[in-house]
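Protein chains: 2
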Amino acid sequence: MTRTTRRTPPQRPRQPTPAGPVDVSALADMVGYRLRRATAAVYLDFIATFRATNIRPTQFSVLTVIGANPGRTQSAIAQALHLKRANFVVLLDELEVQGLIWRAPSMGDRRSYALHLTDKGQAALKMFRRLNRRHESHIARRLGAAGRRQLLELLDRLSV
Amino acid sequence: MTRTTRRTPPQRPRQPTPAGPVDVSALADMVGYRLRRATAAVYLDFIATFRATNIRPTQFSVLTVIGANPGRTQSAIAQALHLKRANFVVLLDELEVQGLIWRAPSMGDRRSYALHLTDKGQAALKMFRRLNRRHESHIARRLGAAGRRQLLELLDRLSV
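Quick mapping for you: the protein sequence lines, in order, are chains E and X. According to the working numbering, the stretch in the first sequence is residues 1 to 160, in order. According to the working numbering, the stretch in the second sequence is residues 1 to 160, in order.
Ranges between beta-carbon positions, derived for each pair: (1) E:R56 with X:S137: 30 to 36 Å; (2) E:A40 with X:A140: 22 to 28 Å; (3) X:K126 with E:A68: 45 to 51 Å; (4) X:I47 with E:D29: 15 to 21 Å; (5) E:G147 with X:A48: 29 to 35 Å; (6) X:A145 with E:P18: 33 to 39 Å; (7) E:D93 with X:A146: 42 to 48 Å; (8) X:A146 with E:P18: 35 to 41 Å.
Partial list, derived from the structure: chain X residues whose beta carbon lies under 8 Å from chain E: (9) P18; (10) M30; (11) A38; (12) T39; (13) A41; (14) A76; (15) G147; (16) L152; (17) L154.
Hints listed in this document are in silico derivations from the structure and should not be mistaken for laboratory results. All residues carry an ideal CB built from backbone N, CA and C; glycine is no exception.
Taking the hints into account, I'd like the entire structure generated from these sequences.
The structure is reproduced here in C-alpha cells:
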C-alpha cells in the first residue's frame with residue numbers, strides 16, 4: 001500500500017458512541033494473534049514469579065546460555081538466541097551493571113567479546129533456575145502434563 | 001536483585017574462543033521461550049505474505065476490530081486488543097496517514113476519539129483478509145487441521 005495524502009473525513013451526523021463489549025471474535029481464528037496473547041500471559045506469570053529480581057525472560061535465557069557456553073562470543077550467543085545485535089548489547093550492559101556477567105576480549109574475533117558469568121552470576125543463575133521451575137509449574141498446571149508436551153510439539157512445527 | 005558496582009573481572013589466562021554450535025538445549029523446556037520462537041516464525045510468514053503492503057500483524061488486527069466495531073473509542077479498542085495507549089496512538093497515526101481510518105470526536109468521552117474505517121480502509125481490509133487467509137493456510141499446513149485446533153485450544157488454557 002502506497003502512502004496517500006490525508007483525506008477529509010466524510011461529513012456524517014454525529015452518532016452516539018456505542019457501548020458494551022468490543023467484538024474481537026474475528027481475531028479468534030488468527031494463530032499469530034492467539035500466540036501473542038498466550039505469550040503475554042506467560043510473560044506476566046514469569047514477571048510475577050521473578051518479582052523479587054530485576055530479571056526478564058530474555059535476560060534469563062541469555063544467562064542460561066552463557067552459563068552453558070562460557071567464553072562464546074557476543075555474536076555467537078546473539079545468533080543462537082535470534083536476538084538483534086543492538087538489543088543484545090543493551091541487555092548485556094544491564095547484566096554487567098548487575099555484576100552477573102563479564103566480557104573478555106575474544107581471541108578469535110577482535111571485534112567481539114567472549115562472555116562469562118561472574119561468581120555472583122553463577123549463584124544468581126541457580127536462584128533464577130529455582131524461580132523458573134516454579135514459573136514452569138504454574139504454566140504446566142494450566143496445560144496439564146500431556147497438554148504441555150503437545151503444545152511444545154505443535155510449537156516446534158511452527159518454528160521452521 | 002539490587003544493583004552492585006561493576007567488579008573488576010577476574011584475571012584469567014586467555015582461552016581460545018570455543019567454536020561449533022552454541023548449546024541452547026536448556027531453553028527447549030521453557031514454554032515462554034518456545035512461544036516467542038514460534039510467534040517470531042509466524043510473524044515472518046505474515047510479513048512475507050503481506051510484503052506488497054505496509055501492514056504488520058497488529059495493524060491488521062486493529063483494522064479488523066475497527067471494521068467490526070465502527071465508532072468505538074480509541075480507549076475501548078486499545079483495551080480490547082490489550083495494547084498500550086502510547087503504542088496504539090502511533091499505530092493509529094500510521095493508519096490515518098495511509099488514509100485507512102478516520103477519527104471523529106467521541107460524543108461519550110470528550111478526551112477520546114471514535115474510530116472508523118474510510119472507504120479506502122474498507123476496500124484495503126478486504127484485500128488484507130484475502131492475504132491473511134493465505135497466511136493462515138501456510139500456518140495450517142505446518143500444523144495440520146487437527147494440530148491447529150489443538151494448538152488454539154492449548155493457547156486458550158494459557159491465556160487466563
